[in-house]
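So the sequence lines, in the order shown, correspond to chains L and C.
Positions 6 to 118 (our numbering) are the ones given, in order, by the first sequence.
Positions 4 to 117 (our numbering) are the ones given, in order, by the second sequence.
Keep in mind that a hint or two might mislead.
[To be verified] According to the in silico footprint, chain L covers these stretches of chain C (three or more CB under 8 angstroms from chain L):
| hint | segment |
| --- | --- |
| 1 | 58-72 |
| 2 | 82-89 |
| 3 | 109-116 |
[To be verified] A few chain C residues that face chain L, going by a derived Cβ cut-off under 10 angstroms, partial list only:
| hint | residue |
| --- | --- |
| 4 | A5 |
| 5 | Q9 |
| 6 | L14 |
| 7 | I15 |
| 8 | G19 |
| 9 | Y38 |
| 10 | Q40 |
| 11 | L42 |
| 12 | G45 |
| 13 | Q47 |
| 14 | L93 |
| 15 | C94 |
| 16 | S97 |
| 17 | T105 |
Simulated from the structure, these hints should not be mistaken for laboratory data.
Beta carbons are placed, not taken as given, at the ideal position from N, Cα and C, and that holds for glycine.
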Amino acid sequence: GESVGLHLPTLSVQEGDNSIINCAYSNSASDYFIWYKQESGKGPQFIIDIRSNMDKRQGQRVTVLLNKTVKHLSLQIAATQPGDSAVYFCAETFYNQGGKLIFGQGTELSVKP
Amino acid sequence: EAGVTQSPTHLIKTRGQQVTLRCSPISGHTSVYWYQQALGLGLQFLLWYDEGEERNRGNFPPRFSGRQFPNYSSELNVNALELEDSALYLCASSLASPGQETQYFGPGTRLLVL
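Chain L with its partners taken away, still in its complex shape (with noise of 0.2 angstroms):
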């Protein structure tokens, strides 16, 4: 069936060393990837996305690479700070989905000082 999973449901980082989270996707029909922070007593926030079409996409700080062949989705976050501490979800989502976004069960970053 449809699922989008973390294989790491805890990860903690030393200030300004380089964080990455995993996560993995079921329907090789997902075609539209996003992922979210979520802090504490906070909705989730728009970190950054990417379509099928792309292997990779840069923001400020932060990368997301794509692998379909393994429905494989990472985000990296450079240089981590305390800020960064926080719940992290992907999700996906494709044509004729009806608007539902499927959600992994979320990653728990700790940035230590």
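Model the placement of chain C on the given structure of chain L, informed by the hints.
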């Protein structure tokens, strides 16, 4: 530019009661989505409204319903509340369908059912 707004921020109800949650989308967005985030579970899709019409609903019972107004704001109604309805209810909005536009979320309404 104002983001998605939701009200109330917190709500406490008892079993069997009914609740109405409200959402105002980002200006210019016509699609509104509702998600449930229960403790220990991921975000689960509830409903999608676009141009005043319900376009899709997730795997939730009929006591979860809603509507979208001409100004694109939306309400989520939950009847006959059950304990397991306790969750964070999130509203998101996007530009027009078919639903592959980026969804931007509000802060959510935290519902506690006692």
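To see whether the hints hold, each was checked on the structure:
Given as covered by chain L, the segment 58-72 of chain C passes the check, having 3 residues with a CB less than 8 angstroms from a CB of that chain where 3 are the minimum. Coverage of the segment 82-89 of chain C by chain L is violated. Counting CB-CB distances below 8 angstroms, 0 residues qualify, and the rule asks for three or more. Requiring three or more residues with a Cβ within less than 8 angstroms of a Cβ of chain L, the coverage given for the segment 109-116 of chain C holds, as 3 such residues are present. Checking C:A5 against chain L: minimum C-beta separation of about 14 angstroms lies over 10 angstroms; hint violated.
The beta carbon of C:Q9 comes within 8 angstroms of a beta carbon in chain L, closer than 10 angstroms, and the hint placing it at the interface holds. For C:L14, the shortest C-beta to C-beta distance to chain L is roughly 15 angstroms, which exceeds 10 angstroms, and the interface hint is violated. Of the supplied interface hints, the one on C:I15 is violated, with its beta-carbon coming no nearer than about 16 angstroms to a beta-carbon of chain L, more than 10 angstroms. For C:G19, the suggested interface contact is broken, since its CB lies about 28 angstroms from the closest CB of chain L, more than 10 angstroms.
Given the 10 angstroms rule on beta carbons, the hint for C:Y38 holds: about 8 angstroms separates it from the nearest Cβ of chain L. Against a cut-off of 10 angstroms between C-beta atoms, the interface hint on C:Q40 holds, since the closest Cβ of chain L lies about 9 angstroms away. A distance limit of 10 angstroms between C-beta atoms decides the matter here; for C:L42 the minimum to chain L is near 12 angstroms, and the interface restraint is violated. For the restraint placing C:G45 at the interface with chain L, the shortest Cβ-Cβ distance is roughly 5 angstroms, inside the 10 angstroms limit, so the hint holds.
Hint status for C:Q47 relative to chain L: holds, with the closest Cβ pair at about 8 angstroms, below 10 angstroms. Because the smallest distance between the Cβ of C:L93 and any Cβ of chain L comes to about 5 angstroms, under 10 angstroms, the interface hint for this residue holds. The interface hint given for C:C94 holds, since its Cβ lies 8 angstroms from the closest Cβ of chain L, which is under the 10 angstroms cut-off. Taking 10 angstroms as the C-beta cut-off, the interface hint given for C:S97 holds, the closest approach to chain L being about 8 angstroms.
Residue-level restraint check for C:T105 holds (minimum Cβ-Cβ distance to chain L is 6 angstroms; threshold 10 angstroms).
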